[in-house]
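Student: Sequence:
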Amino acid sequence: MTPISGGFENNLWLVSDAHGKHVVRAPKTLKTEVHFEKILSITKLASSLRVAPLLKSYDKKRQELCLEYIDTMSWPTYQDNQAPYRATMKILRIFHETPQATHNKPKTYAPFDFIFNLTKGFDQTRMPKQFLEALEKINDIYEELRPWLEKNAVLYHGDFHKGNVLLEKTTGHPFLIDFDCVAYGHPYFDITKFTLTLAQEERLELFKSYLGKKPSKEQLRHFRLVDLVTIVVIAVNRYHWGEKEGKLSKTEMEAICEAKDNPSFLKVTFADPSPDARLKGSIYAIQEFFSRLESSF
1 MTPISGGFEN
11 NLWLVSDAHG
21 KHVVRAPKTL
31 KTEVHFEKIL
41 SITKLASSLR
51 VAPLLKSYDK
61 KRQELCLEYI
71 DTMSWPTYQD
81 NQAPYRATMK
91 ILRIFHETPQ
101 ATHNKPKTYA
111 PFDFIFNLTK
121 GFDQTRMPKQ
131 FLEALEKIND
141 IYEELRPWLE
151 KNAVLYHGDF
161 HKGNVLLEKT
171 TGHPFLIDFD
181 CVAYGHPYFD
191 ITKFTLTLAQ
201 EERLELFKSY
211 LGKKPSKEQL
221 RHFRLVDLVT
231 IVVIAVNRYH
241 WGEKEGKLSK
251 TEMEAICEAK
261 DNPSFLKVTF
271 ADPSPDARLK
281 GSIYAIQEFF
291 SRLESSF
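Numbering-wise (my numbering), the sequence shown opens with residue 1 and increments by one.
Source of the hints: derived by calculation from the structure; they are not laboratory data. There's no promise every hint is true.
Label-pair restraints from in silico Cβ distances [as the list claims (entries may be wrong)]:
#1 Ala26 x Lys105: 26 to 32 angstroms
#2 Pro3 x Glu202: 54 to 60 angstroms
#3 Met1 x Leu40: 18 to 24 angstroms
The calculated BS3-like cross-link candidates involving lysine-lysine, where the alpha carbons are at most 25 angstroms apart (straight line), are [unchecked claim]:
#4 Lys260 x Lys90
#5 Lys90 x Lys214
#6 Lys60 x Lys90
#7 Lys44 x Lys213
#8 Lys151 x Lys107
#9 Lys56 x Lys28
We put the CB at the ideal spot given by N, CA and C, even for glycine.
Work out the full structure: start from the sequences and follow the hints.
Tutor: Structural data, given as structure tokens:
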């Protein structure tokens, strides 16, 4: 067994035997049985649809999955080769449209549940006013989308970025991996997160590829609203990791949000683990939220 790079939650090993190459995936910390059963059922489904590597075997006690090994190619830029991006939108649509009757509908739909649940633990007396205003807007968006979600919500991937889509080296066929964050909510969240770093025109081209047609006015509005929610998900996540130990005051964070020369929130990654960097990244995201808000309402 040879260790290969994995994510925050799992260890991965490459295994070679008489039957070929396989990938063994095991959690760094065991989860609840219910959580593993959910991942297992979704992995089985995605495997059967061929939108994910084939599931070879599994061990419930150790919470291990043995998966087909995919020989991969690196992601090209969108400008150099759009084909893998368009193909990914098509298999994402297949994944979204597959019935998941075994999963109960939630009280609050994702990704709103993530925002609402995490911010309950924040000290709101310390939060900058812009952050609180953004959360009020998110609540308004949820109330607008909730009737649609009650009829049309699906299980989506939840952590949909290029690192969780493998491109087969010979064909360029995309395969989805890592279903730990699958949740029941608005399918467009996967699209807005996956396309976040692209130009708006390119994002809308991929949205059209996902739909298979030109988006209607309602679909386009949903895309723009879910895009705003995606930005706040990023902001809330970064604030969560910086709140406890960050030394920036409420006044300092409000001043940062009002500044005109901040870097793009897309330039701030988790590569800098310092709490203040996380807080600044959160505020940059909130600033971006408000810059996009006017065109979405």
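Student: Indicate, hint by hint, whether the structure satisfies it.
Tutor: Evaluation of the provided hints:
no.: 1; hint: Ala26 x Lys105: 26 to 32 angstroms; in the structure: holds (31 angstroms)
no.: 2; hint: Pro3 x Glu202: 54 to 60 angstroms; in the structure: violated (36 angstroms)
no.: 3; hint: Met1 x Leu40: 18 to 24 angstroms; in the structure: holds (21 angstroms)
no.: 4; hint: Lys260 x Lys90; in the structure: violated (39 angstroms)
no.: 5; hint: Lys90 x Lys214; in the structure: holds (15 angstroms)
no.: 6; hint: Lys60 x Lys90; in the structure: violated (31 angstroms)
no.: 7; hint: Lys44 x Lys213; in the structure: violated (30 angstroms)
no.: 8; hint: Lys151 x Lys107; in the structure: holds (13 angstroms)
no.: 9; hint: Lys56 x Lys28; in the structure: holds (21 angstroms)
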